[in-house]
Amino acid sequence: MSRPSLWSRIAGRKELGVFLALVVMCVFLSFSTSSFLSSINLLNVGRQVSLLGIMAVGMTFVLISGEIDLSVGSTYALSGLGSGMLIVMGWGLVPALMAGLMLGASIGLINGLLSTYGRLPSLIATLGMLSIVRGVALLMTDGQPVTVNTRNGALPQVLEKFEFMGQGYLFGLVPMQLVFFAAVALLGWLVLSGTAFGFRVFAVGGSAKAARVSGIHAESVKIWTFVIMGLLAALAGILSMAFLPSGQAGRTGLGLELDVIAAVVVGGASLSGGVGTVLGTVLGVLIIGVLRNGLVLQGVSPFTQEVMIGLVIIIAVAIDKWSTRSRTT
Amino acid sequence: MSRPSLWSRIAGRKELGVFLALVVMCVFLSFSTSSFLSSINLLNVGRQVSLLGIMAVGMTFVLISGEIDLSVGSTYALSGLGSGMLIVMGWGLVPALMAGLMLGASIGLINGLLSTYGRLPSLIATLGMLSIVRGVALLMTDGQPVTVNTRNGALPQVLEKFEFMGQGYLFGLVPMQLVFFAAVALLGWLVLSGTAFGFRVFAVGGSAKAARVSGIHAESVKIWTFVIMGLLAALAGILSMAFLPSGQAGRTGLGLELDVIAAVVVGGASLSGGVGTVLGTVLGVLIIGVLRNGLVLQGVSPFTQEVMIGLVIIIAVAIDKWSTRSRTT
Amino acid sequence: EPVNVADFALAPRIAEKVASGEPLNIMVSYHDVSNEFAPFVRQGVERADAELNANARFIGPVGADADGQISEIETLMAEIDGLAISAVSTDALSPLIDRVIDAGIPVISYNTDNPDSKRLVFAGQDLVQSGRDAGEQMVNVLDGKGRVMITTIDAAAQWSLDREGGAREVLEASEGIEVVRTLNTGTDPQEIYSAIENAMLADPEITGILSLECCSTPAAGEWVKRNGQSGTIKVVGFDLLDQTVDLVIAKAVQVTIDQAPSRQGFEAVSLLVQFLNGETIDDLDTGVGIFTSENIDSAM
Amino acid sequence: MTKKPIIELIDVTKKYPGVVAMDTVSIDFRPSEVHAVIGENGAGKSTMMNVLSGAIQPNGGVIRVDGKDTVLPTPLASQAAGIRVVYQELSLCWNLSVGENVMLPELARRNPFSRLSSMRAGHAASSVLKRLGMEGLDPETPVAELSVAQQQMVEIARAVNQNARMLVLDEPNSALSPAESEKLFEVVRGLRSEGVSVVYVSHHLQEVLALADRISVMRDGRLITSFDNTAETTTDTLVAHMVGRDVVTSDQYSTCANSVSQIKAPTLELRGLCVPGIFDDVTFDVSSGEILGIAGLPDSGKDVLADAIFGMIGRAGEVYMKGIRVASGRPRHAIAAGMAYIPADRRGAGALLSMSVAENTVASALGKFTRHGFLNKSLIHKTTQTYMSKFDTKVSALGQAVSTLSGGNQQKIILSRGLATDPGLLILHEPTRGIDVGAKAEIYDILKDLASQGMAILMISSELPEIMLHTSRVLVMADGQISGRLSGAEITEERIMALATRSRHHAA
Ligand SMILES: Nc1ncnc2c1ncn2[C@@H]1O[C@H](COP(=O)(O)OP(=O)(O)OP(=O)(O)O)[C@@H](O)[C@H]1O
Ligand SMILES: Nc1ncnc2c1ncn2[C@@H]1O[C@H](COP(=O)(O)OP(=O)(O)OP(=O)(O)O)[C@@H](O)[C@H]1O
Ligand SMILES: [Mg+2]
Ligand SMILES: [Mg+2]
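Protein chains in written order, with our numbering: chain A, 13 to 341; chain B, 13 to 341; chain C, 92 to 391; chain D, 331 to 838.
If we strip away everything but chain A, and leave its shape as in the complex, we get (with noise of 0.2 Å):
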């Protein structure tokens, strides 16, 4: 009798072939462009995705819990913008930043309630959400630009640490949002793998009624997922804002949601609940960033670069079904 649950051994075979696409696609570019493989580049690379990342790492519990979750561009425009209007009102950076991680925390929160309680399909909560969100961030700012600036009234000792929050670099090398995001990443890991929290979110996932019968409260599990996916949203946002630092309701994030659920599924997890780890979410997000990198060093046209993100998705998809049908059949 072999130690692994089933979870990490499904899982590790899934990230098997996600791993395998992208060394692929990492050996393709190293010999096809000349810059894919500086540390410059990589860095880049590991910047570029880390917002990505951290919301797909939420989004990741969300998927396995069984549920989804649309309205996460909105709300990480809402909080970003928030924190940055504080930050802008004078307040200090630790205040700015609860408030913007409360507000992410309880559109989760609304989301959770909605889609258990409330007994609503989650797709629809959250797609009203999204409207209701990013109507709210419009009127907060009046649909103004904001931009955390001295002369917008931001303290001179805030904006320094907020924008080495978003722009600065650790130890001189590595981008503070790439910390940002392998810090979620491991945490997000360690709480979905090895706690009991993480195992109701499978089991709750897996079948929420045996999931019941077994004194697992699915409601709470599932709000909580919900929760946690609004935090991390709100986090992503508060970095952009960081690292811009600007941002405008109308545009922030727009169109985001897809883009995370896209990173998550090619990550090897299951829109029907149930599966998916941390480890593929985070090789599904790298697949996107190198993507998208490889295809700008190529000097693909933007037009083209559409057509080929949209096939990776479906080809790394499929790839995945294919490969884990063949072993299970």
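It is worth saying that the hints were derived from the structure and are not from the lab.
What the simulated footprint calls covered on chain B by chain C, stretch by stretch (three residues with Cβ under 8 Å from a Cβ of chain C suffice, anywhere in the stretch; the number is not a length):
| id | segment |
| --- | --- |
| 1 | 55-67 |
| 2 | 151-161 |
| 3 | 258-266 |
| 4 | 298-308 |
Covered stretches of chain A, going by a simulated chain C footprint (3 or more residues, C-beta under 8 Å):
| id | segment |
| --- | --- |
| 5 | 39-53 |
| 6 | 154-166 |
| 7 | 261-273 |
| 8 | 312-319 |
Note that beta-carbon positions come from the ideal geometry of N, C-alpha and C, so glycine has one too.
Dock chains B, C and D with the ligands against chain A, hints included.
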């Protein structure tokens, strides 16, 4: 023994809820704005929802069969632009329309094949296609707007008929787009509730396994629903082109998929398949149309409109769920 | 301010390239390569690529997306010898522009400006000024009296806010003119038309529609034409899309303001090439072309 | 004189990763005969039925229909060959009516654009419903509103309605009452006399003896033997073939199982429990060390009772565990109070199918296996292994997905999961539904052991032998009320049936 079968009865009840919601909205708007109840305005609303409505009828089939199609906005753009370009190139009306419709049907076919034999979840297959088809539309038009006029090369007699399709009025009163919508809805209703094919769509969506063991070819039923969806998205796109009469690949139909799905779900269809009616969908489409119209007539700010639309989606579906639930438990 | 490469810390790899006379890699980043405006700008860039000693490349994200625009430039930075940027969001691109400049690569802005950044010069139309111009045209065609609705496909965008500001400044200064509202139409062509249709029905007293961009201009003109209001309800808008030209000919649109997008694309490359070859360059106003039914022939 | 077989399987093999579900099986099915296929859980019976139905494709061997080599790539092909199947697992479209479900295969063959009248679907279905003794059921009723038993009857009706040359029944009566089963047998005999070949898979050996003309026994994917059913054939013969060793079957249990040593203070007390519209005023106690049985016909309310006690559904009235009141609505409160629940719907509500053996074992007692929120994987591993060897559960690895196990082994794992919480009360609902004789006997042994160690056990079951032989007291439910309480020698089939069929106004 009463006549109606389960689905028409369930839906009958559902439609009642949506219908009442629509009536309440209309009554409220009649009293609060002077222009709402004018026949011009009502015909306007009818015209404005027609293209959404045509696509929503197709989406009703797809959702009942247990699948989803996110690529409809892109198909709408590609087919409309395609037909428009052919007319500008001097093609006749019928060949140009046929080519556009075939384009839509082919995209539907690909979606269907990927989601059945390709074993991809339709959400991910059509998400990939969303990107691919949009990219193809951009490549095909080179990002240029396509305007159908004689100066660009359209034959005058072709242009006249083409514009009549989109802009004309039947008996000088009813907008042609509304006529198309009515025809599609009627046909959709007949097929869905009155033919063996419609029955199979319900059976497959209720339980693909049960349908399969009863000898229903579940794959081909699903593929057909995607083809119908593709055809109707193409029809809507062509009518849009005929109405405006211009389009632009980067903008036409962007994000339309979520509007279409929202309208169908507001109309009572279930995202998990097996439930829905064309009548419900028509009511759902009208709710969204009346809401948009009413908010503008009331002079509600565009930002608040976003919030209201999200709220109405959530509330409409919640009322539906809660009322059905209280009746069955 | 006029600038010269002598005062600029040019990256050595670029200096070498200039010295050897190799063609320079000039990248022209546009904030949304899938919009109506983009093909015109691209034509200008392509013309520059053919006529000047430069490999000019037109780049940018599909769909306005600041992150995408930044990522792409970051990715290509090692290859860029000169960069022209039209930014989605003025503030969002500034840190990047400064980073590119600090790497010894000359950057100019075109079409939309980033005045707060270290960019060298700006080539294009002054957006606030073009708004004022549109406002003046409106006052003119209305004979100083009427109810005006402003339409835009993206009320929250910086370029829109700038133009709206300029237009309102002039309209509100005119006694007989009342600005009723700013209508945010959304970006889908059907939505644009429907929004205008609804708004006109809600307020039948409107006598002027001032569109701030390419795309609600033809929709407003179409609505006016189809409702037999050509000449009664005045339309002032922007750009020279095919449909807009038709509508100006049909007198459904009174005035349209051209931004010479192709020239903007060409000049962006040209300025960078001049700069790298040691010429002093300065801000360049690519001008506004004001077209009415009188002079629309010259635009065709 | 043997007639020519309708279908022959020759050396048919079906392999799954790690399992050979059918190992070179050669068998034939002839007209006008009931051919029973028996075997332990996981012997490969359903696999063979699925090969006949075209639902799965064998890896090797030949299928011969009317003497000609054939492939059955889809259920449609099998239907075209005249084969009709009632699958072990329910396969109805929940969103359609009874009539529509019955007519599904008919409608599947129609031209897609043919007009369709639901009237006729209902009308056409009513004659077959009548034949199955379900004339009271409105064909317009949505199947989602039916009990499991009624759903199973609808499924049988669907198969019987078509003019079959061969009817395959895979455990068709696992959820049926004796009366409903009897109707089914009548229909089966009728079809046999009409020349139909009936294949009958069941764990009820008495039925098999009563019904079958020929009996085939499967074990570990192989066909052990096929023989004619004669007067000499007994359940012992069958069991010996099936298991390949001696088992103490239900019949051989002495009633001394009922004479429990010492009965202690009540563990569970129900006071006036009520679920509106289903049952009301249910009051009884279960004591430590006793096995209390609850019997009753379908629709008597006994199924909902288990869910209500465990708090799966809302209820009125009071439930006390060891004197402390248990709140309603939350199964985890019931678990915390010391209840463990083994539901009837093993695949839907019981097992966490996508998760592993180890994960299923610890799912209800996660608190015991975590330190600072983190799972202690080695403790989980150790505990699971203890339970696996204690109950002799056959799994290939602790990481194996429970979905790939046989019913008996799944049931043992669900039992382990309940026991891992150290409960004082075990509620079992249809504990041996669909489980073979060998595993059944093992489960009864486990229950007896647990009771003797002081566990209070509540067993709700539709199987009278199970109730009669393994409980010390029996409550009978009828029409939403407890219609009688029996103990010791009073527990006889006649008395239970008399109480179960008493309607409410008689009882009053
Ligand atoms: N899809 C599958 N994947 C892997 N193994 C399978 C699959 N289906 C069945 N098996 C295995 O094949 C073997 C035979 O299963 P089958 O369902 O035919 O048994 P059965 O005799 O019908 O048992 P029961 O009496 O429990 O219904 C079992 O070991 C089972 O675990
Ligand atoms: N969740 C539920 N909601 C509403 N009605 C229900 C529910 N579950 C069962 N019923 C109905 O309650 C009645 C009693 O059902 P129950 O399942 O308890 O009977 P039973 O005696 O166990 O019979 P069987 O085991 O054959 O189904 C039936 O009419 C059933 O249709
Ligand atoms: Mg079986
Ligand atoms: Mg029962």
